[in-house]
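*Asks:* This is what each chain is made of:
There are 2 protein chains.
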Amino acid sequence: MKSVRVFAPATVANVGSAFDVLGFALESPGDTVVACLAGAPGVRITDISGDQRLLPRDPERNTAGVSVAALLQHLSRSGYSLPSTGIELRIEKGLPIGSGLGSSSASTVAAVVAANELLGRPLSRRELLPFAMEGERVACGAAHADNVAPALLGGFVLIRSYEPLDVIELPAPAGAWVSVASPSLELKTHDARRVLKRSVSLEAAVAQWGNVAALVAGIFQGDVALMGRALEDKIIEPERAQLIPGFFEVKAAALAAGAVGCSISGSGPSIFALSGSLEAAKAVGTAMQQEFARLSLGSVVHVSRVNPHGAAVLAQG
Amino acid sequence: MKSVRVFAPATVANVGSAFDVLGFALESPGDTVVACLAGAPGVRITDISGDQRLLPRDPERNTAGVSVAALLQHLSRSGYSLPSTGIELRIEKGLPIGSGLGSSSASTVAAVVAANELLGRPLSRRELLPFAMEGERVACGAAHADNVAPALLGGFVLIRSYEPLDVIELPAPAGAWVSVASPSLELKTHDARRVLKRSVSLEAAVAQWGNVAALVAGIFQGDVALMGRALEDKIIEPERAQLIPGFFEVKAAALAAGAVGCSISGSGPSIFALSGSLEAAKAVGTAMQQEFARLSLGSVVHVSRVNPHGAAVLAQG
Chain A
1 MKSVRVFAPA TVANVGSAFD VLGFALESPG DTVVACLAGA PGVRITDISG DQRLLPRDPE
61 RNTAGVSVAA LLQHLSRSGY SLPSTGIELR IEKGLPIGSG LGSSSASTVA AVVAANELLG
121 RPLSRRELLP FAMEGERVAC GAAHADNVAP ALLGGFVLIR SYEPLDVIEL PAPAGAWVSV
181 ASPSLELKTH DARRVLKRSV SLEAAVAQWG NVAALVAGIF QGDVALMGRA LEDKIIEPER
241 AQLIPGFFEV KAAALAAGAV GCSISGSGPS IFALSGSLEA AKAVGTAMQQ EFARLSLGSV
301 VHVSRVNPHG AAVLAQG
Chain B
1001 MKSVRVFAPA TVANVGSAFD VLGFALESPG DTVVACLAGA PGVRITDISG DQRLLPRDPE
1061 RNTAGVSVAA LLQHLSRSGY SLPSTGIELR IEKGLPIGSG LGSSSASTVA AVVAANELLG
1121 RPLSRRELLP FAMEGERVAC GAAHADNVAP ALLGGFVLIR SYEPLDVIEL PAPAGAWVSV
1181 ASPSLELKTH DARRVLKRSV SLEAAVAQWG NVAALVAGIF QGDVALMGRA LEDKIIEPER
1241 AQLIPGFFEV KAAALAAGAV GCSISGSGPS IFALSGSLEA AKAVGTAMQQ EFARLSLGSV
1301 VHVSRVNPHG AAVLAQG
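Order-wise, the sequence lines are chains A and B. If you're matching positions, the first sequence starts at 1 in the working numbering and goes up one per residue. If you're matching positions, the second sequence starts at 1001 in the working numbering and goes up one per residue.
These are computed hints drawn from the structure, not numbers from a lab. Among the hints, a few may not be true.
Keeping only pairs whose Cα atoms sit at most 25 Å apart, straight-line, the calculated DMTMM-like set for lysine to aspartate or glutamate is [claimed, not checked]:
1) A:K197 <-> B:E1203
2) A:K197 <-> A:E232
3) A:K234 <-> B:E1203
4) B:K1197 <-> A:D20
5) A:K234 <-> B:E1163
6) B:K1282 <-> B:E1027
Construct the entire structure; sequences and hints are all you get.
*Replies:* Written out as structure tokens, the structure is:
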């Protein structure tokens, strides 16, 4: 095998009440990475399209490059005999950067899965997670897993703890439809973190973990209405909403159009809503876009089921 | 039908990380209530055994009496034709009072279920919940549901919110065994509430709701080891443990004897531990009792599965 082409999907992290612990994968949009065996040993990024020249081509500063290099280093140290050539990555961005849809995670996961396939699949999907997390360290300063894990594994993924890493795969409820509206403005994750208060009342924390528990129950029971109620987030959303013009209006429009719940995707500015049918999710997406338009903000809307598979190998040859 | 005899089980609330939102039912011990149609209209308590004369016989101050009266009032207002006699309750306490095992809830639930059966079962189990909660208001000043709901419905029960009341029934994992050790000392719930800090760091709250989410996932997946890890509570347990002599030693003994997790039952002083087999749960119970004995504290130990059914009608005639 000389080349592998892999798609990895957009992901929604900080799922309403489940701030910092839960993420899920969409079916689309996503990023595609082609990995080839070529040239001298090491990792090279030969091309990035669709990024408006915003992403570093230097593999040591690019999340996909860093992750694949970490994977190669691990395999080499584990006694795996690497090919005499290096790995070249060609990244096709389908996801907007800084939109709260796990853009860097999608590229990173696609690259790591492609490289692993190219080398004969020495590691399982779950074993690839720590290397994909290395890319997140470059992208946002901390090795978060709530976007990379669902992009890699599909469905809803829960990160119980980081030390030790405890990652729990939850189902992808077939009846849950997601509408995501991404307004044309960029937010930096660290700006979105800076607005958060450092402490919360015990009462609010208890209400929040009741919602998080109910969200997980709704996911297992495939109860979309319960999932919607349980998205309620009285801690993070009110603070981060300040950074997203029109958030409350767009959320109200989504709920009025039939969504069972709505919150910020990742650290924003994208907004996601949950619905119980494709028709409802389409109507909700249209309502969110119209509300952004009323506020003179352009937006892109995607409607998708929860993706049960995560990254997908599209072609190899 | 003239008389109904109902058993309602002990319950563990404040399940580790899931403070104030989750409870589950044990198979034993529990309380038994006999309800009879007799005398003038209204509710009377004709006898209470096993309470060391600690509980009020006045039906307006007794949790079981208050709950049955609330049920009768509701049925009367709903146009249900009540019998011309009243309802007499005989309560047989099998649960120690103030031990953190939902003692008042067990009596209340048994009484409400018995009265409902006696009247021809006008309401479903779930419909009885608000009336059982009225008893909790008498017992602890607030209409909590985290003991009464599992005593009534069985399994693990999640209380997502109180306004509106949103109660979610979770499974009873067949592989989970519970050891409960009740030391011979009494704690008042309001004393146990008083030690709690009013605010928590966002970081601790996030870790806690990651654990709560994982606990619910473990319950659905029947993954007892995950349930055990997810009991970890860094917010409530460290503060309430101060009120329970030997808590940390007993917990360490339980874990050393094979428990996958251990925490305070309710607001204490009972301590519960989770294990993956009956043999392990027995060894854990013995270890907990020995540790209490080393501290010169007598204790009673119960080993039980999670009770999937809740209150049970034992006899009617």
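*Asks:* Against this structure, judge whether each hint is valid.
*Replies:* Tested hints:
Of the supplied pair hints, the one linking K197 (chain A) and E1203 (chain B) holds, its CA atoms being roughly 10 Å apart against a limit of 25 Å. Restraint check for K197 (chain A) and E232 (chain A): the C-alpha separation of about 18 Å stays at or below 25 Å, so the hint holds. Distance hint between K234 (chain A) and E1203 (chain B) is fulfilled; the C-alpha atoms sit about 16 Å from each other, no more than 25 Å. The straight-line distance between the Cα atoms of K1197 (chain B) and D20 (chain A) is roughly 23 Å, inside the 25 Å bound, and the hint therefore holds.
Taking the CA atoms of K234 (chain A) and E1163 (chain B), the gap is about 15 Å. The hint holds against a cut of 25 Å. At most 25 Å may separate the alpha-carbon atoms for a hinted pair to count; K1282 (chain B) and E1027 (chain B) meet this at roughly 15 Å.
Of the hints listed earlier, there is not a single one the structure fails to meet.
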